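Line by line, the protein sequences are chains A and B. Per this note's numbering, the first sequence starts with residue 4, numbered consecutively. Per this note's numbering, the second sequence starts with residue 182, numbered consecutively.
Simulated from the structure, these hints should not be mistaken for lab results. Note that the coordinates shown come from a computational prediction; the quantities given were computed from them, not determined experimentally. Please note that the accuracy of each hint is not assured.
Stated by the list, open to error - Listed below are the simulated SDA-like cross-link pairs for lysine to any residue, each with C-alpha atoms no more than 20 Å apart in a straight line: (1) Lys277/B to Arg27/A; (2) Lys44/A to Ser188/B; (3) Lys277/B to Thr60/A; (4) Lys17/A to Ser92/A; (5) Lys251/B to Gly104/A; (6) Lys101/A to Ser212/B.
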Amino acid sequence: GAVVSQHPSWVICKSGTSVKIECRSLDFQATTMFWYRQFPKQSLMLMATSNEGSKATYEQGVEKDKFLINHASLTLSTLTVTSAHPEDSSFYICSARKGGGDTQYFGPGTRLTVL
Amino acid sequence: TQLLEQSPQFLSIQEGENLTVYCNSSSVFSSLQWYRQEPGEGPVLLVTVVTGGEVKKLKRLTFQFGDARKDSSLHITAAQPGDTGLYLCAGANDYKLSFGAGTTVTVRA
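All chains, full assembly: derive it from the sequences and hints.
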């Protein structure tokens, strides 16, 4: 199997606070983990790519100081949205690459609402 | 600008009918993946196609990768209400995925 979990599944926070989202590969060691965001009625947009023990690579237009990614082990990556604002409200989804291929397995997503 | 163009954007059909979703690009991909996503959930992998011209069948679903590895199609035979969902294609290069905008499929009972 290739199961990826995310925690929490949803979170509501006040503007200016920080929120941490965890992504875990449950039954495999992930070569690489990815973070996406998805706005309503839109497709997935890649935010960053992370490998265990190294700094994440951010896509153009994504603020690395706002979206902190830590990839502590081969099964865990975290995304911290710092000083969140209402425009950061979105559906955040992580994925993990298993082995040497291109295939990514996705987590169930985290719905972030910033008030 | 979407790297991958998916069509149609919406598709509503009667149970038992067939449907085809297309995914086109001017870029060449090392592989192409199809996912299905339910509201409020993450995408679930349906298939990965790697070789140009490859055809893969998954029960009533048939996936084809173009010879030049730039386009793909998903064909569903005798669609059922359980096939309702958002279908996404994603092309891979350097292990990163670029997603199409998605096709919302509704199968009416």
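*May I ask which of the numbered hints given earlier this structure violates, with the numbers listed in increasing order?*
none
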